[in-house]
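Residue numbers (my numbering): 578 to 1027.
The reader is advised that the hints may include incorrect statements.
[As the list claims (entries may be wrong)] In silico DSS-like pairs for lysine-lysine, Cα to Cα no more than 27 Å straight-line:
| # | residue 1 | residue 2 |
| --- | --- | --- |
| 1 | K652 | K613 |
| 2 | K619 | K646 |
| 3 | K692 | K619 |
| 4 | K619 | K652 |
| 5 | K619 | K642 |
| 6 | K816 | K802 |
| 7 | K802 | K854 |
| 8 | K854 | K769 |
| 9 | K767 | K691 |
| 10 | K767 | K802 |
| 11 | K652 | K642 |
| 12 | K769 | K816 |
| 13 | K1009 | K652 |
| 14 | K769 | K691 |
| 15 | K725 | K613 |
| 16 | K769 | K646 |
| 17 | K692 | K725 |
| 18 | K692 | K769 |
| 19 | K646 | K725 |
| 20 | K691 | K802 |
| 21 | K725 | K619 |
| 22 | K769 | K802 |
| 23 | K619 | K691 |
| 24 | K692 | K802 |
| 25 | K613 | K642 |
| 26 | K816 | K854 |
| 27 | K767 | K692 |
| 28 | K692 | K613 |
| 29 | K613 | K646 |
| 30 | K725 | K691 |
[As the list claims (entries may be wrong)] DEER-style ranges, computed between Cβ atoms:
| # | residue 1 | residue 2 | range |
| --- | --- | --- | --- |
| 31 | A1010 | E737 | 40 to 50 Å |
| 32 | G695 | Q633 | 34 to 44 Å |
| 33 | E1004 | R640 | 21 to 31 Å |
These aren't lab readings, by the way, just hints derived from the structure by calculation.
Where is the CB? At the ideal position from N, CA and C, for every residue including glycine.
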Amino acid sequence: MKSSNIVIRGERALFLLVLLLNSAFALAQTLTGAVKNGTTNKPAAGDEVVLLNLAQGMEEAARTKTDSKGNFSFKLPAGDTPHLIRVIHQGVTYHRMAPPGTTSVEAEVFDVAKKVEGLNVTADVMRVEADDNTLKVARLFAVDNRSKPPKTQMNDQNFEFYLPEGASVDTAMAKTAGGQPINASAVPQKEKNRYAFIFPLRPGETQFQVQYHLPYSGSANLDPKPLYGMDHFVIVLPKSMQFSGPASYQSMQDPGQTDSQVEVVANAQANQSLAFKVAGTGNLPPRNESGGGGGEGMGGGQVSGRDSRPGGGLGPPSDAPDPLEKYRWYVLGVFAVMLAGGGYYISQRASARAGALPGIDQDETVEVRRASPARLRKAAAAAAPATAAPVTLPANSNHSGLLLQALKEELFELEMERQQGRISQEEYEKAKAALDQTLHRAVKREAQKA
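Make the full structure from the sequences, and use the hints.
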């Protein structure tokens, strides 16, 4: 009888232990969040919130709405699956990552207006290269939204620009503050050679890049036709090419990149005549990196021992006084991120996309390319800050954490490409398998360090 009581007590203790463990487990699997309206500085009530499961690419796991206090919650499935939180406010999406183990997230949204005051084009940069038959140009715009109170600008011609007669768009990208470059669309407008990015201009800086090519017979006249005033208009081209333009251009020499020439117009005005002529041929050299492996040039060729980011950069600052210090961030820091994968898309996707990406403005994704070790190294490089842009990393930042973040964002973009038919099923499965395996190992390493 005594033995029987001991057994019963043991079973009861075990049952209570299981209940306690299940309760703790249930609490650990609840993700709560709060959404703030940065325009009104109040809770964002009634916004739609979507939970995206990144384990299977970009699968919608749940959907809810914020309550009157801007709060929401999701019950997460068991496991170490990374998730992405998408908040939709007045038709514009905002995203926050929720890595495994995350129990709460905070997101900020902004009211949308077709036109906001306080937009400033801080830079318009053109990188020019040429061979015997083709002129290749990468043009980048940096737009700062300083609206007060902060609002997101969104309309059907949100940011417009001109391309030369005969230009063929190879690829277009957009990047929000703190995000990664994503595919965008250079949408043709009614006026010939005029295009627009239909992409939200959220508070902070948004960067746009369009890469294009046109036939070349040894010389060309280019007219950027600026539609907005800007702090700096910059042209970068190889030393082997000749440049001629109006007196407003100031030639500068960067000590860190002796094989290129830089022409700058400060405080350029809207509709100011900035037309210039280039002649000759040449390629911009990628930036040397100690210990670097192979890398892609702007045209997609391999360049041994050079920076793996197409288009390269101007290199880290030297100890000597640098006359280009004011412009270095734009010429190096911006392009080092924005040109990632440009060579591959120039050779494989030489056609403009007609329309904005439906359903999402991915401010925290990276472009998906090949499922190979080199590709994964590029993903880690994309997650790291550019050498010329001063960034303070958290104390617990490390290479594994950056790689984990980049891999989760790669999965996000891969699923988007599959859903839009921009990648074959075979390519999707190959890339997905490689990324899943690497992501699983990275998650395990992070869990072991925690």
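- Item | Numbers of unmet hints, in rising order | Checked against the structure, the hints that fail are numbers 12 and 16, while the rest are satisfied.
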